[in-house]
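Each chain, written out:
2 protein chains.
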Amino acid sequence: MKAQIITIGDEILIGQIVNTNASYIGEKLTYSQITVSKVSSVGDEEKAILDEFESALSRNDLIIVTGGLGPTHDDITRKCIAGFFNSELEMNEQVLADVKVFFEKRNRPLTKINEEQALVPKIAKPIRNFRGTAPGFWIEKDGKIFISLPGVPFEMKGMMEGYVLPKLNELNPARNVFFSIKTLLTTGIGESSLYEIIKKVDNIFDEAKIAFLPNQFGTKVRLIVSALNEQESINRLLAVEQKIRAAAGKYIYGKDEETLEEIVGNLLIERGLRLAVAESCTGGLVTNRLTNVSGSSKYLERGLVSYSNAAKVEMLHVNEDIIHEFGAVSLQVALQMAEGVKAVSGADIGISLTGIMGPTGATPDKPVGLVYIGICDDTLCTALKFNFGDDRLLNKDRASQAALEMIRRRLLGIPYDE
Amino acid sequence: MKAQIITIGDEILIGQIVNTNASYIGEKLTYSQITVSKVSSVGDEEKAILDEFESALSRNDLIIVTGGLGPTHDDITRKCIAGFFNSELEMNEQVLADVKVFFEKRNRPLTKINEEQALVPKIAKPIRNFRGTAPGFWIEKDGKIFISLPGVPFEMKGMMEGYVLPKLNELNPARNVFFSIKTLLTTGIGESSLYEIIKKVDNIFDEAKIAFLPNQFGTKVRLIVSALNEQESINRLLAVEQKIRAAAGKYIYGKDEETLEEIVGNLLIERGLRLAVAESCTGGLVTNRLTNVSGSSKYLERGLVSYSNAAKVEMLHVNEDIIHEFGAVSLQVALQMAEGVKAVSGADIGISLTGIMGPTGATPDKPVGLVYIGICDDTLCTALKFNFGDDRLLNKDRASQAALEMIRRRLLGIPYDE
Numbered sequence: 000m001k002a003q004i005i006t007i008g009d010e011i012l013i014g015q016i017v018n019t020n021a022s023y024i025g026e027k028l029t030y031s032q033i034t035v036s037k038v039s040s041v042g043d044e045e046k047a048i049l050d051e052f053e054s055a056l057s058r059n060d061l062i063i064v065t066g067g068l069g070p071t072h073d074d075i076t077r078k079c080i081a082g083f084f085n086s087e088l089e090m091n092e093q094v095l096a097d098v099k100v101f102f103e104k105r106n107r108p109l110t111k112i113n114e115e116q117a118l119v120p121k122i123a124k125p126i127r128n129f130r131g132t133a134p135g136f137w138i139e140k141d142g143k144i145f146i147s148l149p150g151v152p153f154e155m156k157g158m159m160e161g162y163v164l165p166k167l168n169e170l171n172p173a174r175n176v177f178f179s180i181k182t183l184l185t186t187g188i189g190e191s192s193l194y195e196i197i198k199k200v201d202n203i204f205d206e207a208k209i210a211f212l213p214n215q216f217g218t219k220v221r222l223i224v225s226a227l228n229e230q231e232s233i234n235r236l237l238a239v240e241q242k243i244r245a246a247a248g249k250y251i252y253g254k255d256e257e258t259l260e261e262i263v264g265n266l267l268i269e270r271g272l273r274l275a276v277a278e279s280c281t282g283g284l285v286t287n288r289l290t291n292v293s294g295s296s297k298y299l300e301r302g303l304v305s306y307s308n309a310a311k312v313e314m315l316h317v318n319e320d321i322i323h324e325f326g327a328v329s330l331q332v333a334l335q336m337a338e339g340v341k342a343v344s345g346a347d348i349g350i351s352l353t354g355i356m357g358p359t360g361a362t363p364d365k366p367v368g369l370v371y372i373g374i375c376d377d378t379l380c381t382a383l384k385f386n387f388g389d390d391r392l393l394n395k396d397r398a399s400q401a402a403l404e405m406i407r408r409r410l411l412g413i414p415y416d417e
Numbered sequence: 000m001k002a003q004i005i006t007i008g009d010e011i012l013i014g015q016i017v018n019t020n021a022s023y024i025g026e027k028l029t030y031s032q033i034t035v036s037k038v039s040s041v042g043d044e045e046k047a048i049l050d051e052f053e054s055a056l057s058r059n060d061l062i063i064v065t066g067g068l069g070p071t072h073d074d075i076t077r078k079c080i081a082g083f084f085n086s087e088l089e090m091n092e093q094v095l096a097d098v099k100v101f102f103e104k105r106n107r108p109l110t111k112i113n114e115e116q117a118l119v120p121k122i123a124k125p126i127r128n129f130r131g132t133a134p135g136f137w138i139e140k141d142g143k144i145f146i147s148l149p150g151v152p153f154e155m156k157g158m159m160e161g162y163v164l165p166k167l168n169e170l171n172p173a174r175n176v177f178f179s180i181k182t183l184l185t186t187g188i189g190e191s192s193l194y195e196i197i198k199k200v201d202n203i204f205d206e207a208k209i210a211f212l213p214n215q216f217g218t219k220v221r222l223i224v225s226a227l228n229e230q231e232s233i234n235r236l237l238a239v240e241q242k243i244r245a246a247a248g249k250y251i252y253g254k255d256e257e258t259l260e261e262i263v264g265n266l267l268i269e270r271g272l273r274l275a276v277a278e279s280c281t282g283g284l285v286t287n288r289l290t291n292v293s294g295s296s297k298y299l300e301r302g303l304v305s306y307s308n309a310a311k312v313e314m315l316h317v318n319e320d321i322i323h324e325f326g327a328v329s330l331q332v333a334l335q336m337a338e339g340v341k342a343v344s345g346a347d348i349g350i351s352l353t354g355i356m357g358p359t360g361a362t363p364d365k366p367v368g369l370v371y372i373g374i375c376d377d378t379l380c381t382a383l384k385f386n387f388g389d390d391r392l393l394n395k396d397r398a399s400q401a402a403l404e405m406i407r408r409r410l411l412g413i414p415y416d417e
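Going down the list, the protein sequences come from chains A and B. Here the first sequence is numbered in numbering that gives the first Met the number 0, starting from 0 and rising by one per residue. Here the second sequence is numbered in numbering that gives the first Met the number 0, starting from 0 and rising by one per residue.
Here chain A stands alone, though its shape is the one from the complex (with noise of 0.2 Å):
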């Protein structure tokens, strides 16, 4: 089954909002093994909107339509509905006796244009709402099948999950083929870099639907596999990703909608140990993301952000002299701020970040993205150099990134070499 999703209202199109509807009823779809070929956004327009039905149920099984269904004047999809099916509006009774109680129930009175919502082209079924007054439509005509849904997120949503989903799968029960979604999260390595060594794995490419998604925190890479039946698709993807698992296995930190601040806390709390924080030119980003976690006070001591260097002194005791002689951006000052962060809090690892995110701060020396991080446990104090960008929030994003993935990888004795 192959599917369009349509947008309609000008405000996805000046930008006000981000069509959150359309990935949500896209995702459901995925999962239940139906293929979107498209989404598309058209204005409160009636020849746009019209020409989009027309060009959508030209290619495609299924549509669904979210917006324009509300009381004002702007909302005008019942109306094309109509005028596209040729099928005349009439009162539907159990939709009016629904928009009735929903008044009721808010001591809110009736106006006429609510009473209008009940409206229903005759061709189509409409489908309760139970969360507002605009009813969705269901059509189906020459094997094709056309929903209309409110744009209200949380009125479609329950329309989708109480009605049309069931619905939907009823339909399409002898479902063919089966997809497993898995996606690998990975850091410390380029996109490319990481490309080249999973291309290396025999057959990777044919064996699944890769796709690499590259942001300042790492490259996600997206599996998807077919197959004949569930199980099938669940051991190959299995499959998939053990192959890669083993050829870069590790840079991966977690999958899907994990953070590496939760894998880090899991580790933490793992082996009953305590961290401590020392941050200058994070300003406080990685305590932040630790912190996110719910329990993250089991293992989380403290956090010290070391903006000045009187602060790095008196709260560490970073030596002066260090300072001088090697400046606040140093390998040896990074050692000494997570050896001092571990020693003050008595935390068992101690973390510290000291850089340049920019845009100023350069010197000819220390380029802005110059980041040092140091790492120190009861056995081992170590520091490593990174060079970031030019963009102040991202360099943040990525060293604060870099440092959790340092704890990672010593929590688990994998080194880290980028």
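Everything labelled a hint here was simulated from the structure, so no lab data went into it. Take the hints with a grain of salt, since some may be wrong.
Identical copies look the same in the list; a pair holds intra-copy or inter-copy alike.
Here are the simulated BS3-like cross-link-like pairs (lysine-lysine), alpha carbons at most 27 Å apart as the crow flies [to be verified]:
#1 K242 / K111
#2 K198 / K46
#3 K1 / K78
#4 K104 / K249
#5 K181 / K121
#6 K198 / K99
#7 K297 / K365
#8 K156 / K219
#9 K1 / K46
#10 K143 / K46
Could you slot chain B onto chain A? The hints should help.
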């Protein structure tokens, strides 16, 4: 000028990412008086891409395409453009030099697939990418403009702002309606209370199109006015803004893209004051936000994340008996933390936060969302109690915003009454 935005990539169709690129571009084009007629997303599939190019070019004057320009096998936009315009790919020396510099700067090896990113269709003028490796393309044919940009938002935005928008504005001088747009940023007041205040301002909804856009940081009030000439639209906008400021000025901390951390930073610089932060529940977020601003080392002395009680006692000299008597989440501890961080750092202002962010940690008399924020300067120490919501990350955002707003109001002598 009529435009279509096309985003390419399976990840949008299957709902793995939300299409923020389209909303960003839609907004920018709208500001440039270009009408966006449609937004569409297609997968990494040649026929679908070519069909969409064809349909878009037949109906619009301008096409902006994002995505599919990366170095890996699933990135096929470049090839599709070459095929669509029947134009060979050739190595572009300028782009190749840019790619080389990019890799040298990062001390990363240049691979063959990265070199191939310098292949540009003959018909296109490359758009330089200073934030990544994939160039964009600018193509003019038969009076229409076709632009292709990378899908990585940070790279795409750099090229839009640095090249595409200025050039489009240059080509589109004959505008007949002028819009002026401004967004006022408010915090410390709920959306509906703010609406009640603003709707009482004479004729305000006739003079401007006003939208209220709430999120966890406050409510943005977007004003749009139009006029037949540019100066008139600027004057009208100013008049509307002044009326709103007269009614609700104390809640307005900034405008448009400004951030509260910038505003607070500028006030601290003006007054020559230095700040120290003691965070418990926000876990470094306040300090992190302050250090997102370049030059924050001028006024941020240090930040302490005292997650454990031991850290509160040792680093901030909070009295242990007070913690035992009132609990770590209490007005008394917030006051002592603010006093303590001011004293140990020697800063002019100390700010502190202690609270319960959830989902765990609540007690019968201390629910999730309870936060105390303390502020201390040379003349006065005070603390306020807040009740935020149930969501941990939103609570961190809300608490950090309230703390920054307390600093702003203290510096400006505006009472904080909510």
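Can you list which hints this structure breaks, lowest number first? The structure breaks only hint 5.
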